[in-house]
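Trainee: Chain residues, written in single-letter form:
Protein chains: 4
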Amino acid sequence: MTAIQFTDRSTVELIKTDFADEWPVLAARTSTLGAKSTPEEREGLIDCLIRERHGVPFEHMHISYRVTTPIFVWRQIVKHRAGVSLSEESGRYRELEPEFYVLPPSRPVSQTGKPMAYQFEQGDDNQFMTACAAQASAGSFCWYLYENQLKMGIAREVARMVLPLNTMSTGILTFNARSLMHFLQLRTEAAGSHPQFEIARVAEQLAVHPASAAPITFESFIKHGSIAP
Amino acid sequence: MTAIQFTDRSTVELIKTDFADEWPVLAARTSTLGAKSTPEEREGLIDCLIRERHGVPFEHMHISYRVTTPIFVWRQIVKHRAGVSLSEESGRYRELEPEFYVLPPSRPVSQTGKPMAYQFEQGDDNQFMTACAAQASAGSFCWYLYENQLKMGIAREVARMVLPLNTMSTGILTFNARSLMHFLQLRTEAAGSHPQFEIARVAEQLAVHPASAAPITFESFIKHGSIAP
Amino acid sequence: MTAIQFTDRSTVELIKTDFADEWPVLAARTSTLGAKSTPEEREGLIDCLIRERHGVPFEHMHISYRVTTPIFVWRQIVKHRAGVSLSEESGRYRELEPEFYVLPPSRPVSQTGKPMAYQFEQGDDNQFMTACAAQASAGSFCWYLYENQLKMGIAREVARMVLPLNTMSTGILTFNARSLMHFLQLRTEAAGSHPQFEIARVAEQLAVHPASAAPITFESFIKHGSIAP
Amino acid sequence: MTAIQFTDRSTVELIKTDFADEWPVLAARTSTLGAKSTPEEREGLIDCLIRERHGVPFEHMHISYRVTTPIFVWRQIVKHRAGVSLSEESGRYRELEPEFYVLPPSRPVSQTGKPMAYQFEQGDDNQFMTACAAQASAGSFCWYLYENQLKMGIAREVARMVLPLNTMSTGILTFNARSLMHFLQLRTEAAGSHPQFEIARVAEQLAVHPASAAPITFESFIKHGSIAP
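Chains as they are written, first to last, in this note's numbering: chain Z, 17 to 245; chain C, 17 to 245; chain R, 17 to 245; chain X, 17 to 245.
The hints are simulated quantities; they were obtained by calculation from the structure and are not laboratory data. No false leads were slipped in.
Since the list gives no way to pick out one identical chain from another, each pair is judged satisfied if it fits inside one copy or across any two copies.
Calculated pairs, DSSO-like style, for lysine-lysine (alpha carbon to alpha carbon, straight line, at most 30 Å): (1) K32 / K95; (2) K130 / K167; (3) K239 / K95.
All figures in this text were calculated on a predicted structure; none of them were measured in a lab.
Let the sequences and hints guide you as you build the complete structure.
Mentor: So, in structure tokens, the structure goes:
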């Protein structure tokens, strides 16, 4: 029996990518001349594509990550349908790992205001400890129920029904540059969206590599308000 | 405080639909003459479209359901991306209902064999009772943790992290006739797929109304092996 | 042999729709209570959904049109992939109609400036007449080549290769309210896009019925700059 | 003025790809262990995924081509919406090239039978010559009309309306392995589909590189009847 683990962060590991500023240029020009353009020409064209919201040229390059994040975050990630591919591990076929999310100290826990206009506040120590204790208790108790069922020969797909939404789960996630920009628009605060704290932390990590691999594209994206083309 | 409920079934309620055999005929002919065709002409054309796998003409009619099913089933439903729209209630904006799924007596609980070639067997009474008890315990205990957090003023989006995957959740689900046939192909056993028991029960309910509203279409679909065009 | 027709406009005929402001409300609340809300409640909720760009609740209602427009416009329409279904008549299966697009007098024909920043000017009479004459000549000459091949027993799918892009073609086009708003954002000038004259005329006609069938939704859309949620 | 060119074939040029059998294995296992598996393990897993129609693991690798083919073929290509990205050169922004498709000698030109059950026969020399002459005439005459309009200062987007469907056009086309298999299923004759001659020639060329880059995947695909998972 594996020891139960708790974690307060999601992990995002780069698997592979072909992100580079030459590809949207090549696609926009439908010509290999695109690859031979000067940096200045690339910059002018990419900036124009993003400003005028011509998104298709950014669909021809891809990035794949291995992401480990709680199930409640996966339930938000899968809402992104266009240009996103997701292979999440299946509790039907495999015994899951006993790892559960608990809040990091920086996580605001108190909510005020009305739907679509919530304010979050840090909350007091008692609130924070209560939330973390609930997460740890749910993880521990439900994991015991899960393992006990497996020992009894009950099917994995039945046993997993008791696991809580803070169970960590791993998947391979592939975006094209356009769908990634759309994800960043909705799942970071940069464009005025209100993402949940946990998915915003994932989004921040997804944005790191693209910023260095296709710097003109992602600088232009940020310059134009983090609105996806 | 609302009393905790347990249920062993998903509910599927028809909201609205315009399913009728005349629409694929109209679309295939791109002509309102389609609507004036005889039943025999409709039958021949629809059968041909399904046999030859011309699916687009079936995309012009829609059906909307209100579905209440456990979160682990929603996680399978959302994998259907093309031609499906889903608005599920959000635990960020609303306090959830204390309703949890427990197995119905007909549910096989014992799994043998290897991945992608599992066999399910009914299992013995002890296994069945253990699984149901685990589901009821997870629901009761985690609901207590959820409500206690809300009482402390902790944000709904934080409190819900402890809820188990057998929590019932409600959503509005809209298909076109093509995406519905694709769902039925993968989520019933008719075409040789291996859906999980619970989603297959939802799929069966989704198939009831279409069979009477667009009988030529859905009889032809079944006749050709429940393979979506 | 049918007489050749020329036309300077596209036609958009409503086939069917279930557009109504109650459906996004129902979907956002995942509850039939949505249908019983007051007009003021609907207005507040819909406005909030559009402002905050929550688009999914608008995907549960649909509208189908029969559109006749030149092939060069269809080539722009098909670029809209998400939430749009299109059944265009096929020149493989059916003999086409001899109808061709020529410019209406209001159509600017002179272009100045650089890519992505073009200016259009009305042009002089000579330019306008030259363009119209070219369109009429291409239609007449190529139609003769088309019909002659058919008379020789040449396959329709071969014969049609000679038809020009101003050939009128008919299709059934179905949108949900979200994909329609996205189409209007990109294919009318309201949100700062630069659509081609001919597709903008189609878009205007597509917007007429929704404005009366779901007035709160489409007024809110326009109020927020014709940016699709 | 560029000389008019005629061609009887489409060209397909590989731009870039990361196709390799390790990626579906990695995705199916959601683990980098996938990359370390033995060839036998990969073969067993990939064959199982294709046989059981688990398609998502094949969505994490991509291939980009530069394709030059007649506009009537592009009109068929764009019908593939899921997992396909297409940047075709635009006649709004750029002056087009005077290249036109004419039939190759192997192209059957005579069609008998009824819709959805056509038979093609080679046809006689007179039919073949008539079709080719029509294609060449349409190209030459319409190109003259196009160039004449441009010389008069008429906008490119107006001038191009007269070009025939056999005008060659170039685009960048990106598939993932799943969407490519789906394209090959519908656009080659291998799975019983009835693609038009010209798009089938494009599909054959699209299949060449994948067969060597991801041999296990594409052999398994063919072995299972060229039915996409």
